[in-house]
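Asks: Read off the chains here:
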Amino acid sequence: MPDQPDAIATDAIGKSFGATRALDGVTISFRGGEVHGIVGENGAGKSTLMKILGGVERPGEGRVFIRGRGVLITDVHAAQRMGIAMVHQELNLVDELSIAENIFLGRERTLLGMVRFGRARRVSRQILEILKCPLNVSWKVKRLSTAQKQMVEIAKALSCQASVIILDEPTAMLSRRETHALFEVIGQLRRNGVAVIYISHILQEVLQIRDRVTVMRDGRVSARLGPDEMEGMTVAELAGLMVGRPMNQHFPARETRIGERFLEVEHFGDEDISFFVRRGEILGFAGLIGAGRTELAEAIFGLRGKVSGVIRLDGRNLKISSPGDAVRAGIAYLSEDRKESGLMLDMDVTSNTTMVSLARYTRWLTRPRAERKAASHYVQLMRIRIASLRQPVRALSGGNQQKVALAKWLETNPKVLIVDEPTRGVDVGAKEEIYRLIRALVTQGMACILISSELNEVLGMSDRIAVMRGGRIVAMLDAASASEERVMQFAAGVQENLSA
Amino acid sequence: MSEGSVQSARNWRAVFERVAPVVTLALLVFVTASLEHAPAGEHHFLTAENLVNILWQWSAIGIIALGMTLVIISGGIDLSVGSLIALSGALGVWMMNTIISAGAILQGIDDSNASGMAPADGPVRAWMAHFVINHHLDGNEVWGVAVGIATILAVGTAAGWVNGMLIAKGGIAPFIVTLGGLAAYRSLALALADGGDLNSASEHLFPAAGNAGVPIHRLTLTNGHPLQLPYMVIAFFALAVLMAILLNRTRYGRYVVALGSNERAAKYSAINVDRIKIITYTLTGALTGIAAFLVASNLNSVPSSTAGNLYELDVIAAVVIGGTRMQGGAGSIFGTVIGVLILGVISNMLSFLNVSPYLQGLVKGVIIVAAIFVQQIGRKRS
Numbered sequence: 400m401p402d403q404p405d406a407i408a409t410d411a412i413g414k415s416f417g418a419t420r421a422l423d424g425v426t427i428s429f430r431g432g433e434v435h436g437i438v439g440e441n442g443a444g445k446s447t448l449m450k451i452l453g454g455v456e457r458p459g460e461g462r463v464f465i466r467g468r469g470v471l472i473t474d475v476h477a478a479q480r481m482g483i484a485m486v487h488q489e490l491n492l493v494d495e496l497s498i499a500e501n502i503f504l505g506r507e508r509t510l511l512g513m514v515r516f517g518r519a520r521r522v523s524r525q526i527l528e529i530l531k532c533p534l535n536v537s538w539k540v541k542r543l544s545t546a547q548k549q550m551v552e553i554a555k556a557l558s559c560q561a562s563v564i565i566l567d568e569p570t571a572m573l574s575r576r577e578t579h580a581l582f583e584v585i586g587q588l589r590r591n592g593v594a595v596i597y598i599s600h601i602l603q604e605v606l607q608i609r610d611r612v613t614v615m616r617d618g619r620v621s622a623r624l625g626p627d628e629m630e631g632m633t634v635a636e637l638a639g640l641m642v643g644r645p646m647n648q649h650f651p652a653r654e655t656r657i658g659e660r661f662l663e664v665e666h667f668g669d670e671d672i673s674f675f676v677r678r679g680e681i682l683g684f685a686g687l688i689g690a691g692r693t694e695l696a697e698a699i700f701g702l703r704g705k706v707s708g709v710i711r712l713d714g715r716n717l718k719i720s721s722p723g724d725a726v727r728a729g730i731a732y733l734s735e736d737r738k739e740s741g742l743m744l745d746m747d748v749t750s751n752t753t754m755v756s757l758a759r760y761t762r763w764l765t766r767p768r769a770e771r772k773a774a775s776h777y778v779q780l781m782r783i784r785i786a787s788l789r790q791p792v793r794a795l796s797g798g799n800q801q802k803v804a805l806a807k808w809l810e811t812n813p814k815v816l817i818v819d820e821p822t823r824g825v826d827v828g829a830k831e832e833i834y835r836l837i838r839a840l841v842t843q844g845m846a847c848i849l850i851s852s853e854l855n856e857v858l859g860m861s862d863r864i865a866v867m868r869g870g871r872i873v874a875m876l877d878a879a880s881a882s883e884e885r886v887m888q889f890a891a892g893v894q895e896n897l898s899a
Numbered sequence: 006m007s008e009g010s011v012q013s014a015r016n017w018r019a020v021f022e023r024v025a026p027v028v029t030l031a032l033l034v035f036v037t038a039s040l041e042h043a044p045a046g047e048h049h050f051l052t053a054e055n056l057v058n059i060l061w062q063w064s065a066i067g068i069i070a071l072g073m074t075l076v077i078i079s080g081g082i083d084l085s086v087g088s089l090i091a092l093s094g095a096l097g098v099w100m101m102n103t104i105i106s107a108g109a110i111l112q113g114i115d116d117s118n119a120s121g122m123a124p125a126d127g128p129v130r131a132w133m134a135h136f137v138i139n140h141h142l143d144g145n146e147v148w149g150v151a152v153g154i155a156t157i158l159a160v161g162t163a164a165g166w167v168n169g170m171l172i173a174k175g176g177i178a179p180f181i182v183t184l185g186g187l188a189a190y191r192s193l194a195l196a197l198a199d200g201g202d203l204n205s206a207s208e209h210l211f212p213a214a215g216n217a218g219v220p221i222h223r224l225t226l227t228n229g230h231p232l233q234l235p236y237m238v239i240a241f242f243a244l245a246v247l248m249a250i251l252l253n254r255t256r257y258g259r260y261v262v263a264l265g266s267n268e269r270a271a272k273y274s275a276i277n278v279d280r281i282k283i284i285t286y287t288l289t290g291a292l293t294g295i296a297a298f299l300v301a302s303n304l305n306s307v308p309s310s311t312a313g314n315l316y317e318l319d320v321i322a323a324v325v326i327g328g329t330r331m332q333g334g335a336g337s338i339f340g341t342v343i344g345v346l347i348l349g350v351i352s353n354m355l356s357f358l359n360v361s362p363y364l365q366g367l368v369k370g371v372i373i374v375a376a377i378f379v380q381q382i383g384r385k386r387s
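So the sequence lines, in the order shown, correspond to chains A and B.
If you read the first sequence in the numbering used here, its first letter stands for residue 400, the second for the next number, and so on.
If you read the second sequence in the numbering used here, its first letter stands for residue 6, the second for the next number, and so on.
Think of the hints as simulated: they come from the structure by calculation, not from any bench.
Please read these numbers as outputs of a predicted model, since none were measured by experiment.
All residues carry an ideal CB built from backbone N, CA and C; glycine is no exception.
These stretches of chain A come out as covered by chain B in the derived footprint (C-beta under 8 Å, 3 or more residues):
{"hint": "1", "stretch": "714–723"}
{"hint": "2", "stretch": "726–737"}
{"hint": "3", "stretch": "747–757"}
Residues of chain A placed beyond 12 Å of chain B at every Cβ, according to the derived structure:
{"hint": "4", "residue": "Ser415"}
{"hint": "5", "residue": "Gly461"}
{"hint": "6", "residue": "Glu495"}
{"hint": "7", "residue": "Gly505"}
{"hint": "8", "residue": "Thr633"}
In silico EDC-like pairs for lysine to aspartate or glutamate, Cα to Cα no more than 20 Å straight-line:
{"hint": "9", "chain 1": "A", "residue 1": "Lys705", "chain 2": "A", "residue 2": "Glu665"}
{"hint": "10", "chain 1": "A", "residue 1": "Lys718", "chain 2": "A", "residue 2": "Glu663"}
{"hint": "11", "chain 1": "A", "residue 1": "Lys814", "chain 2": "A", "residue 2": "Asp713"}
{"hint": "12", "chain 1": "A", "residue 1": "Lys539", "chain 2": "A", "residue 2": "Asp494"}
{"hint": "13", "chain 1": "B", "residue 1": "Lys272", "chain 2": "A", "residue 2": "Asp724"}
{"hint": "14", "chain 1": "A", "residue 1": "Lys830", "chain 2": "A", "residue 2": "Asp617"}
{"hint": "15", "chain 1": "A", "residue 1": "Lys548", "chain 2": "A", "residue 2": "Glu495"}
{"hint": "16", "chain 1": "B", "residue 1": "Lys272", "chain 2": "A", "residue 2": "Asp745"}
{"hint": "17", "chain 1": "A", "residue 1": "Lys705", "chain 2": "A", "residue 2": "Glu663"}
{"hint": "18", "chain 1": "A", "residue 1": "Lys718", "chain 2": "A", "residue 2": "Glu697"}
{"hint": "19", "chain 1": "A", "residue 1": "Lys450", "chain 2": "A", "residue 2": "Glu460"}
{"hint": "20", "chain 1": "B", "residue 1": "Lys272", "chain 2": "A", "residue 2": "Glu735"}
{"hint": "21", "chain 1": "A", "residue 1": "Lys738", "chain 2": "B", "residue 2": "Glu268"}
{"hint": "22", "chain 1": "A", "residue 1": "Lys830", "chain 2": "A", "residue 2": "Asp862"}
{"hint": "23", "chain 1": "B", "residue 1": "Lys174", "chain 2": "A", "residue 2": "Asp724"}
{"hint": "24", "chain 1": "B", "residue 1": "Lys272", "chain 2": "A", "residue 2": "Asp736"}
{"hint": "25", "chain 1": "A", "residue 1": "Lys705", "chain 2": "A", "residue 2": "Glu694"}
{"hint": "26", "chain 1": "A", "residue 1": "Lys738", "chain 2": "A", "residue 2": "Asp826"}
{"hint": "27", "chain 1": "A", "residue 1": "Lys450", "chain 2": "A", "residue 2": "Asp474"}
{"hint": "28", "chain 1": "A", "residue 1": "Lys705", "chain 2": "A", "residue 2": "Asp669"}
{"hint": "29", "chain 1": "A", "residue 1": "Lys705", "chain 2": "A", "residue 2": "Glu670"}
{"hint": "30", "chain 1": "B", "residue 1": "Lys272", "chain 2": "A", "residue 2": "Glu694"}
{"hint": "31", "chain 1": "A", "residue 1": "Lys705", "chain 2": "A", "residue 2": "Asp671"}
So that you can see chain B by itself, here it is in the shape it has in the complex:
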């Protein structure tokens, strides 16, 4: 092969990797729309409301997937994100409730101590409740929500940092470290909520972020209200733009690709490989924190056993379907956004085609394997 034809083959491959997810999404939308047997005007899939709903349901997954894209490009993996949703959400709501209903909590602790059923978090919580009351913050919803949100973000970031430190400085494989995180973070959340739900004590302020949105007056729903573009969706797209800039136009982003492309050469090129790894996992933890906040706000509660459960699978699936190379060294944020949309459209389609929810995992599994298979064909051709 002459150099020219090698070059065109490479270009073809790059184009293929970029375009394949978009084509898949377009096909899916087309198929889904035509599968819907509804009289004109009564169709459901291709309505602004439904599409916004899909985005809404998948924006938390999407936000984490942005971080996971960098992790996978760098040659790593993070399995702990789903459990981290539960842990950071649970700790945040726990903190928030301690401030908003400090008096009631103290009362509750006294009652259970009297009945000999002291909760595990009793002493710490009692101390904190006293602190809150002493500083006249008891019942202050604004303070409670602020501290709660800060806690969620801080816990997510800190857990990501721990993952990164263990991987970079401890030299443990990312798969193992984050598999440990998957088990440990969930377990901590369950312990904190005693296996149940941690319901938020904030009635209006905390749930606003995950439920409200910007009204779009041009689009009116059947009930006469304007369509709301949820803050969650806006956050997803705004973060996607930021992350795309981070990946493509900063030194850090370049080093992430370099690290995934050839770690040894990165070290020999005077790149601080450990630091890049730590930043990458910390960033993913922070994004998971943001997603955890939005999920907790949306439900105004953190169900410790189900919050974020199996999110890691959807997140990794979205990244891979979006064309990011599982071995690292190549990938794009744009592809990941498309990957999230593909997953969203598929699950939406399955549910209104009345496919049993038990079978939805099968379809997802087939799509993931097919996406990788198609990627490999594209690679072999070139």
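Isolated chain A (complex conformation):
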């Protein structure tokens, strides 16, 4: 269909969250009757862009065009009215309602104010048949498996008769058969002139069904691949395009003398994970979202109760069944989401800093002066910018909040520090501050586990890198010889298992 305006297009879209630049000047056009794949690392801005198209987020700058006309997508309903349907990564179904009710939720057809359930059920049944997913549409959604729920989400998008359908990681939870059915439906949609936007970490899939692919990196479009460029392209080449950026971060030099094995984890958990970290070493954990890195860290920290296997620290076996056990053993865990699980936002800087180590500042009663002294020590050491120690941490910027969260753990004088996404949503200055501090502590003989979705961070900071996929460690690489491409190949499952 030449000369027809694009089904939907963006022009120089930008979006910032606090100090983080999530999108910067993104211009992409999506044509009707094409499947357009979008790939990129975690945090490259794919999801933010789709949220803007789906009306979940408003763009900071730039414009969106639908069939050549500039539009303002104010909310999800506006997006639906404009014919944009989105299948979310997270499931957005109401457990207590039936499949049919979910599919037509918010768009119920009524007759004299009464919902026409008969019609809703009939149409829902037809759509699910097309998807080769014959479910009883009167069932409550809570009875369904995760994969089945995913299919209902897709059916919901199809029922809108949308001209643009956004699929965000649709196959992550689907079986092979269901994936195949979904691909057939996508083919059908394409023939009907629908613009399909397909986001996936599974590069093989993207190469299989794409008409064209846009690669995103650091909030920008880094490559546009049309049908011609994609002829004969391999997964490895596509993975290379996703990373391969110049190092734009300054990491403190490795100068550590790495000591003997310090933390040893053996036959741990259902996936039988084994690894070790040496004194003075930073072991990086790379992998895609959902690869099981956070789950592993939480299990070591005792947040998942008793787990099978052995954890040895400095030669002694540890019994860890709660975070308290882990802290007493000398393990600290900086969790990945400081707002959800890291900080008490309404409590002040001092209380947050001494939250875990409060026993040290208590005889019979707490000693506020000693606590404040400890807190101000960290404020100086980490250059935390605050107006007062009594300031609630909610009032601080993301970077300063993260520093307080880290200070809380350094206060416990840990032997092993596990940091999970330590620089997420943190500005560049604070990032370097955090890197410098971690490196300094490791130099003093601590062992560190660094979980990060930013590849250059893992490569820049770690001494060795463990790559995880599907809950297992699939590769153990020496950081000196590792490259972003190589890590990505293991993470995405291009290379098969290799253990050092």
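Could you slot chain B onto chain A? The hints should help.
Replies: Chain B only, in chain A's frame:
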């Protein structure tokens, strides 16, 4: 907004939350005093006697409210306190009477067995009465009162512990657990007293705590006797000081605030969240036990259907009026004390303004909603 102005806004909010209850109380006292049309020297409200009376009437509510403050700061709620007053008081007096009048009780059980109207608690009580008589404790008032008080405190504490266990280990919502307690504890008290009053068999010793006080010789009443500062009031203020220290200066207190502020982060900070919850509800149960003892002592009786009835409403109202955040994470004991005083002054004012007792609930309701509303305005401004 620059960081500086954010900071000053936060401070303003903290000051507002702290000062609002005090200002409200001052205004109420002023309004009440000026509403009273009495010739000089004959006014009633602003007399030491009346103020002490207000405190006296509200000290039981106040003592429970101290515990409720911690419960609400921790992000929970306890609806069972009113019924627990009845249950722990009834069980305590029941135990006390069994010792003080064991012989008479045995006689009574025999009589009713003979007439075929055996009381439900007959066998247990008969066994206990025999035990008391065998150990020559029959009629021993000191022993009876001691065991009675210990029972009241123990029952209150144990019931609080059960609430805490169900909430922490059972994972049931506090509202549901304590709603169950509200129904169950009252029902047990009613069953024990057969729906009526359990009158204490101790004539002087047991009622002393709830009725006597420390004489203040400087203040003489119209009848020539010195003003008595009741033990109940002293207990309230002493416990308030202890609870304020517990909340502000102990690890436990800090963890309560942390728990209410962000439970997940508390867990990730290696705080034993379950233990904090159990301690908090147990503590509230223990304080309810103390209040139950004072209430039972004051009346020298436990009316099973009315003792502590609807106390939970006044207690929660006092805490909220005192500025403690209903969602948890912030609050103060000082505020709660002020909240209790505000409620006391209001009900005192209403009664001597001859407002129908039926309408007093309306006024209380309006005040509670207004207090929350004002808190929210303070929050939005910042």
